[in-house]
Amino acid sequence: MSQITPDVVKSHGLSADEYKLVLEIMGRAPNLTELGIFSVMWSEHCSYKSSKKWLKTLPTTAPWVICGPGENAGVIDIGEGLACIFKMESHNHPSFIEPYQGAATGVGGILRDVFTMGARPVANMNALRFGAPDHPKTRHLVSGVVSGIGGYGNCVGVPTVGGECDFHAAYNGNILVNAMTVGLAAKDRIFYSAAAGVGNLVVYVGSKTGRDGIHGATMASAEFNEDSEEKRPTVQVGDPFTEKLLIEACMELMATDVIVAIQDMGAAGLTSSSFEMASKGGLGIEMDLDRVPMREQGMTAYEIMLSESQERMLMVLKPGREEVAKAIFDKWELDFAVVGVLTDSGRMVLKRHGAVVADLPIDPLAQASPEYDRPWVAPKLAAPIAADAVKAVAPLEALKKLLNTPDLCSKRWIWEQYDHMVMGDTVGRPGGDAAVVRIHGSNRGLAITTDVTPRYCQANPFEGGKQAVAEAWRNLTSVGARPLAVTDNLNFGNPEKPEIMGQIVTAIKGMGEACVALDFPVVSGNVSLYNETNGNAILPTPAIGAVGLIDDLESCVGMAFEADGEAVLVIGATTGHLGASLYARELAGLEAGAPPPVDLSVERKNGDFVRGLIVSGRVTACHDVSGGGLLISVAEMAMAGGLGATLADAPKDVPEHAYWFGEDQARYVVTASAGEAGTILSEAAALGIKAALIGTTGGDKLILGASSASLTDLASAHESWLPEFMSGPDSN
Amino acid sequence: MKGAVFPLKPEAPPLKAAVIVFPGSNCDRDVAVSLKAVTGKSALMAWHRDSSLPKLDLIVVPGGFSYGDYLRSGAMAAHSPILREVKARADQGVRVLGICNGFQILTEAGLLPGVLMRNRGLKFCCKDVHLTVSRNDTVFTAKYRKSQVIRVPIAHADGNFFASPDMLNRIEDEGQVAFRYCDEEGNLTDAANPNGSLNNIAGVYNMAGNVLGLMPHPERLADPLLGGTDGMPMFESLMEALS
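Protein chains in written order, with our numbering: chain A, 796 to 1527; chain B, -4 to 238.
In short, the hints are calculated from the structure, not lab data. Don't take each hint at face value.
[As the list claims (entries may be wrong)] Only pairs whose alpha carbons sit at most 25 Å apart, straight line, appear in this in silico SDA-like list of lysine to any residue:
| hint | chain 1 | residue 1 | chain 2 | residue 2 |
| --- | --- | --- | --- | --- |
| 1 | A | Lys1003 | A | Pro928 |
| 2 | B | Lys82 | B | Gly116 |
| 3 | A | Lys1126 | B | His74 |
| 4 | A | Lys1126 | B | Ala70 |
| 5 | B | Lys122 | A | Met1046 |
| 6 | A | Lys982 | A | Thr856 |
[Unchecked claim] Computed footprint of chain A on chain B, listed as stretches where at least three residues anywhere in the stretch have a Cβ under 8 Å from a Cβ of chain A:
| hint | segment |
| --- | --- |
| 7 | 55 to 62 |
| 8 | 83 to 89 |
| 9 | 116 to 130 |
| 10 | 218 to 229 |
Since the model is a prediction, treat every value here as computed from it, not as a measurement. Glycine included, every Cβ here is placed at the ideal spot set by N, Cα and C.
Could you put together the complete structure from these sequences and hints?
Structural data, given as structure tokens:
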């Protein structure tokens, strides 16, 4: 057994203080296997040691929440005996090092988090951030990540129904790949991870264990430098075919009554799964590592415990029922091995070749992991800028340019590589405000979205945190759904820097405030820190995944203009806020200004009003106003419907470019018959909601005063940027 | 199969169908839903290890990634125990419908001519495409009009239909082409060809006309809520002809 020197401790990512705590807990020096276990269990990725204090402040309860954060995924009650189980998780570091496998295994991991709880996965989403388009690695990373997500999701047969993708130089050295899975389960058939029953058998199923991904969790908890590419061996390799078999086998097993507890092997593999199960059940485990199915010879206990080989699960079965389970896994040709037994010792005892190779107390490792109150400073807030400090460009000319920019262009090139229709329930396909997936066999649907605007979070993390939640809520509202709950994926730089910690703390405060105001609890989440390369951090990116419920899919609307001669209305006030806008960045080269403030009571009032209009069938289309502003929303609706519009001039009190491209919050564009529009406007006025008639649908162009733009030209600007970028010379 | 005649069965109970399930199939449920919508009853879900099937009118080989498609799409499934039975039944005249991976499997098994190569664009492609219905005198397409333009989704990486010049001539001469990729107006353009298939071929029959394979997924647009119903007439055709 190698000597545990300070260098060995350091290379395991443990600080001197943390190692002191290890010695205290163990009452002796650990051996290398034990040290490795401490190292992964206490990694930022597994222990949330920097963020825990602040995550606890988020609202996590509501009458419809069945299970909040702490399990594999969040669970909400969606009525009619069903539960919706969902979570979002990052795979940032591995995807930068090896984009195809990094992204693919990110999808695989989040799927397992959901089906391990008894839910059949019904939809995948992803939120992607890449570096500047002109950075030499960007094209290679986009290509690899997108084919990795598709390669995995398409094969497992779960539709990838939407997501978001944008570009910024701050992600040059640290891309973000956040994957979300949504599943459905019978409310009374949810499976948890707490082990129970001394003497019950601990069973390993799925793929064999190899040497891949060792120390993945530790790698994901450190900054990058020039040598990060050398960490490629820490990236796992995915096998979506095995995952598909594992889903089917688990679904079949879960229909029986033999499972006591089940937990997928994610980050830190067999270590974290076994410790979590034992710790939650207040028990111990004795495991014989010789029985772990292995695909390589001569693996040490250290390697077996730290491997992050994919497509594996750990289960505790009811006594005497292992034959039932074994028959199912045999049918699906997956490994099935009894690897241990539950004890009342509260200790993890591991044997290899007949000898005890590790003996650790479970609770101190799993629950007494370090928790830091890291020092933080209030972020420097960007100063506001006035609209007239941003140069004015003729609106339709600006529109054409904006539609052809990386963040506002069509992402069709991406989502056409994802099977977004398999399972036969995709009602709202990618490209809309929220994806809509029918609840199989019913007329109800789930609306799903992912949102965050990192440039707002950079300018003001508190408002940015609020806005991410509000925009997710708004996107669900735009398809007529009742927003129900949130999963968060907090991506930040190095928390040991007070200014980064300040971003984390204030963004979480903003998110929490919005979640409370909108009755939108956080039920699951993931934190990814140390997204820095050579000291340069990413933009603060607290991605929000959210789920809402549509009671009657017949009443759901899309964003496409539906008919000629309909009134186009904007609900919500337009003041022309150009600070931190895409217009300012893309057309004036100004990355400056405070982000648009989010008034949560106005957000709620406007959203509830719009949802009411949709559900009662009074509007024919709806689209929220977000990045790029009002004219972008109108253009997207026109292009989606292949139907133009004649627009009214901007009001006199707002500069024209600020009116059309300002990013004021809490706004929606809706269409309605001319008669209905009048009623809607007077109802809005009575409720104190700002609303205005801004045009009429018709024709094949957008007409604004004396100028016009054909939909063909707009669509070609919108559709061409990404394919042209991706077909450029391969730079890597 | 030029001018093939399809003797309709005498009065019989509603269409009896089986859907083959391989490890890695993932459109098995979807097609079972479409079949149930027309027949009113559940199809038999047949496991890949089964070596015999009960008396049937229709066998569907569904989409997905059978055995992970790791060797070559459909190659391993073509050698599975159930495929021997499917071949035997096809030889007896039982109707066989292969969709997407099912089409790949049937070509690998030699039940259909041609091969499906990697898409011209080298990428997986999921989108609605337009097809022309080449003939409507078959049990699979009687409910369509001849030359009708329909909209049906594709979702595949290996759908680029290829055959040797001789084989292609035979396929064309014998009227074995079932569907071709076209634009909205029905023109067989190169731009409307999503994967580089020869002669824009999206689906073919065998010589006898009882086996059809196609890359597009009719089961995915067979419900108005999903945005279209152009796939439904295929299932209705089978129901009417085989009941």
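Structure versus earlier hints, numbers of those that do not hold, lowest first: Per hint list: 1, 2, 5 and 8 violated.
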